Amino acid sequence: MTETILELDDVVGGYGRITILNGCSFKVRRGAITTVIGPNGAGKSTVFKAIFGLIRPSSGRIRFDGTDITGWSPRQLLEAGIVYVPQGRNLFPELSVRHNLELGTVAAGPGIRDVGARIERALDRFPILRQKADQQASTLSGGQQKQLEIMRGLLLDPRLILIDEPSIGLSPLLVQETFAILTELRDQGVTILMVEQNARSALQISDEGIVLELGRARMQGPADEILRDPRVGQLFLGGGLAEPAA
Amino acid sequence: MSTPAISQRAATATHRTIVRTHAGMAELVAYIVAGLATGAIYALAAIGFTLVWQTSQTINFAQGEYVMLPAILILAGVSFFGLPLWAAALLGGLVFVAVFGAGFKIAVVDPMIRHGVLPLAIATMALAIIMKEGAKDFFSSEAQTFPSPFPAGAVDILGVSLSMQHIAIIAVAFIAIGILQWFVSRTRTGRQMQATAQNPGVALILGIPVARMVMLTFAINAALAVLASVLVSPLYLAKFSNGEVIGLFAFIAAIVGGFNQVRGALGGGLIVGVVDSLAAAYISSSYRLAVPLALLVLIILIKPEGLFGRREERRI
Numbered sequence: 099m100t101e102t103i104l105e106l107d108d109v110v111g112g113y114g115r116i117t118i119l120n121g122c123s124f125k126v127r128r129g130a131i132t133t134v135i136g137p138n139g140a141g142k143s144t145v146f147k148a149i150f151g152l153i154r155p156s157s158g159r160i161r162f163d164g165t166d167i168t169g170w171s172p173r174q175l176l177e178a179g180i181v182y183v184p185q186g187r188n189l190f191p192e193l194s195v196r197h198n199l200e201l202g203t204v205a206a207g208p209g210i211r212d213v214g215a216r217i218e219r220a221l222d223r224f225p226i227l228r229q230k231a232d233q234q235a236s237t238l239s240g241g242q243q244k245q246l247e248i249m250r251g252l253l254l255d256p257r258l259i260l261i262d263e264p265s266i267g268l269s270p271l272l273v274q275e276t277f278a279i280l281t282e283l284r285d286q287g288v289t290i291l292m293v294e295q296n297a298r299s300a301l302q303i304s305d306e307g308i309v310l311e312l313g314r315a316r317m318q319g320p321a322d323e324i325l326r327d328p329r330v331g332q333l334f335l336g337g338g339l340a341e342p343a344a
Numbered sequence: 351m352s353t354p355a356i357s358q359r360a361a362t363a364t365h366r367t368i369v370r371t372h373a374g375m376a377e378l379v380a381y382i383v384a385g386l387a388t389g390a391i392y393a394l395a396a397i398g399f400t401l402v403w404q405t406s407q408t409i410n411f412a413q414g415e416y417v418m419l420p421a422i423l424i425l426a427g428v429s430f431f432g433l434p435l436w437a438a439a440l441l442g443g444l445v446f447v448a449v450f451g452a453g454f455k456i457a458v459v460d461p462m463i464r465h466g467v468l469p470l471a472i473a474t475m476a477l478a479i480i481m482k483e484g485a486k487d488f489f490s491s492e493a494q495t496f497p498s499p500f501p502a503g504a505v506d507i508l509g510v511s512l513s514m515q516h517i518a519i520i521a522v523a524f525i526a527i528g529i530l531q532w533f534v535s536r537t538r539t540g541r542q543m544q545a546t547a548q549n550p551g552v553a554l555i556l557g558i559p560v561a562r563m564v565m566l567t568f569a570i571n572a573a574l575a576v577l578a579s580v581l582v583s584p585l586y587l588a589k590f591s592n593g594e595v596i597g598l599f600a601f602i603a604a605i606v607g608g609f610n611q612v613r614g615a616l617g618g619g620l621i622v623g624v625v626d627s628l629a630a631a632y633i634s635s636s637y638r639l640a641v642p643l644a645l646l647v648l649i650i651l652i653k654p655e656g657l658f659g660r661r662e663e664r665r666i
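Chains as they are written, first to last, in my numbering: chain E, 99 to 344; chain G, 351 to 666.
In short, the hints are calculated from the structure, not lab data. Please read all numbers here as calculations on a predicted model, not as lab measurements. Check the hints yourself; a few may be wrong.
As the list claims (entries may be wrong) - If you anchor each label on the Cβ, the simulated ranges turn out as follows: (1) G/Leu-643 with E/Glu-218: 46 to 56 angstroms; (2) G/Trp-532 with E/Arg-228: 22 to 32 angstroms; (3) G/Gly-466 with E/Ser-269: 53 to 63 angstroms; (4) E/Gly-121 with G/Gly-466: 32 to 42 angstroms.
No residue lacks a Cβ here, since even glycine has one placed at the ideal position from N, Cα and C.
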C-alpha cells in the first residue's frame with residue numbers, strides 16, 4: 099500500500115469548449131484530510147467532477163490506488179470506493195429520510211449484504227434522523243440535510259470521500275459539527291478530499307492543503323504551512339500567486 | 351381541429367346510459383359517472399404525459415395519438431393477420447410499447463433533447479402528424495367499431511341507472527393507477543425512478559441507472575396509452591383523428607393537476623372528464639371543447655402551478 103491514494107496527472111478538461119483545468123496535477127495522501135483552496139473560478143469543483151466521471155478530461159490521467167480511473171462512470175467509481183458529496187442540496191426532498199438513505203445504497207456491490215442494517219445505523223447516528231425517518235427529507239433543516247447527505251455517502255464504506263463546500267449555508271456551530279464528523283472519519287482511516295471556500299477553518303482541521311489557481315495546483319503541502327504562507331493570503335486577496343524565483 | 355362526429359357519438363353514448371333515468375338528480379349522477387369514466391381515461395394519458403415530462407423534459411404533443419393508435423394496431427392485427435382479438439391486443443400492445451416507448455426514446459427524444467426542450471416538442475408534433483396520417487392511409491379513414499371488453503347494459507344503484515361499461519372503465523383505470531402508485535412509491539426501482547425525476551444529477555452520482563429509469567418511464571407511458579386506447583375506443587370508436595381531442599384533454603388534465611405529479615394528473619383528468627360531460631349535457635355539445643379550455647385558462651390565471659401542483663424549482 100503506497101502513501102498516495104489518488105493522483106491527478108496533468109489533467110486538462112472543462113465544459114464543452116471552455117477549458118477549466120489546465121494540466122492539473124496533485125497527489126492525495128491516504129488516510130488524510132486534504133483541502134483544496136483557491137479563488138473563484140480556479141477549477142475547484144471542476145476537479146471533483148473530473149475525478150468523479152461527470153466531465154471527461156481531454157487529456158491527463160487520474161489514478162485511484164494505482165488503477166487508472168480516467169473516464170470511469172460514477173457507478174464504477176462508487177463500486178471502487180469513492181463517493182462524491184457535491185455542494186448545495188443534494189437530497190430528494192419529497193422522499194422520506196429513510197428512502198434518501200436507501201438510494202445511497204443503489205451501487206452496493208455483492209459484498210454488501212446488510213444494507214438494511216447500515217441504513218438503521220445511519221439513522222441512529224443523529225437523533226433527528228431517527229425521529230424523522232419516515233418524514234419527507236424537506237422537513238429537515240439545512241444543516242440536518244447536509245448531515246443526512248454525509249451519512250448517505252458513508253453507507254457503502256467509501257475509502258475516499260470527495261466533499262465540495264460542506265460548510266456552505268451552515269451556521270458556524272453546524273460547520274464545527276460537520277468538520278468534527280470529517281475528522282472522526284479520517285481517524286477511522288477514510289481519506290477525505292474537500293473543497294472549501296471557508297479556507298482558514300478547513301485548513302485548521304486538514305492534514306494537507308492544495309492551492310489551485312487557473313486550473314493548476316500551484317502549491318501543495320502540509321495544511322499548517324499553507325495556512326501560514328503569506329502568498330496564500332495574497333492569492334485570496336486578489337493578487338496572483340508570485341512565481342517562485344528561478 | 352373540430353371533430354363533431356366524435357363529440358356527438360360520445361354524447362349519444364352518454365344519453366343512452368341515462369335514457370331510463372328520471373330527471374334531476376339521477377340524471378346528474380349519471381352524467382358525472384360518465385364524466386368520471388372518460389376522465390379516468392384522460393387521467394391515464396395525463397399521468398404518462400407528466401411521467402415523461404418529469405424524467406426527460408419531454409412534452410409529448412403526440413400523447414393523443416398515443417391513445418389513438420393502439421386500438422388501430424389491434425384492429426389491424428385482426429383484419430390483416432386474422433388474429434383472434436386477444437392475441438391482436440397482446441401483440442399490438444407489445445409492438446406499441448416497443449416502438450412508441452423505447453423506440454420513441456431512442457429515435458426521437460435522445461437526438462432532439464440535445465437541441466433543447468422546444469425542438470423536441472416540435473418533433474413530437476411531427477410524430478403526431480405521422481401517426482395520424484399513417485393510421486388514416488394504412489388502415490382506414492373511417493371510424494371503426496372497437497369491441498368493449500366489458501359487458502353492456504346498466505346497473506341500478508340507488509335508483510340511478512348507470513352504464514356497466516362506465517363503471518368498469520373507472521374501476522380498471524383506478525386499479526392501473528393504483529398499481530403504478532404502488533410501484534413508484536413502494537418498490538426500490540420505483541423510488542429510483544422518482545429520484546431520477548426529482549433530480550437526475552444527484553441520481554447519477556449515487557449510481558442510480560438514470561438512463562434505464564428514463565427508459566422505464568417511456569415504457570410505462572406507452573403501456574398506459576395502450577390501456578387508455580382499449581378503454582376509450584369502444585366509447586368513441588377507433589378513428590385516426592381521435593388523438594386531437596384526447597391529447598388536448600390529457601394536456602389540460604396534466605396542467606390543471608399541476609403537471610408534476612401522478613396525483614395531480616389523476617385529479618386533473620377526472621375534473622376535465624366531469625366538466626366535459628356536464629358541459630355537453632347542460633350547456634351545449636357544440637361548445638363542449640371550449641369548456642375544458644376555459645377551465646385551463648382559469649387555472650393558469652388563478653393557480654398557475656395547478657390545483658395539486660407544487661411550485662417547481664429547477665437548477666440551471
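Here is what the structure says about each hint:
1. G/Leu-643 with E/Glu-218: 46 to 56 angstroms: holds (52 angstroms)
2. G/Trp-532 with E/Arg-228: 22 to 32 angstroms: holds (26 angstroms)
3. G/Gly-466 with E/Ser-269: 53 to 63 angstroms: Violated, since G/Gly-466 and E/Ser-269 (Cβ atoms, about 40 angstroms apart) do not stay within the stated range.
4. E/Gly-121 with G/Gly-466: 32 to 42 angstroms: holds (33 angstroms)
Checked against the numbered hints listed earlier, the structure breaks hint 3 alone; every other hint is satisfied.
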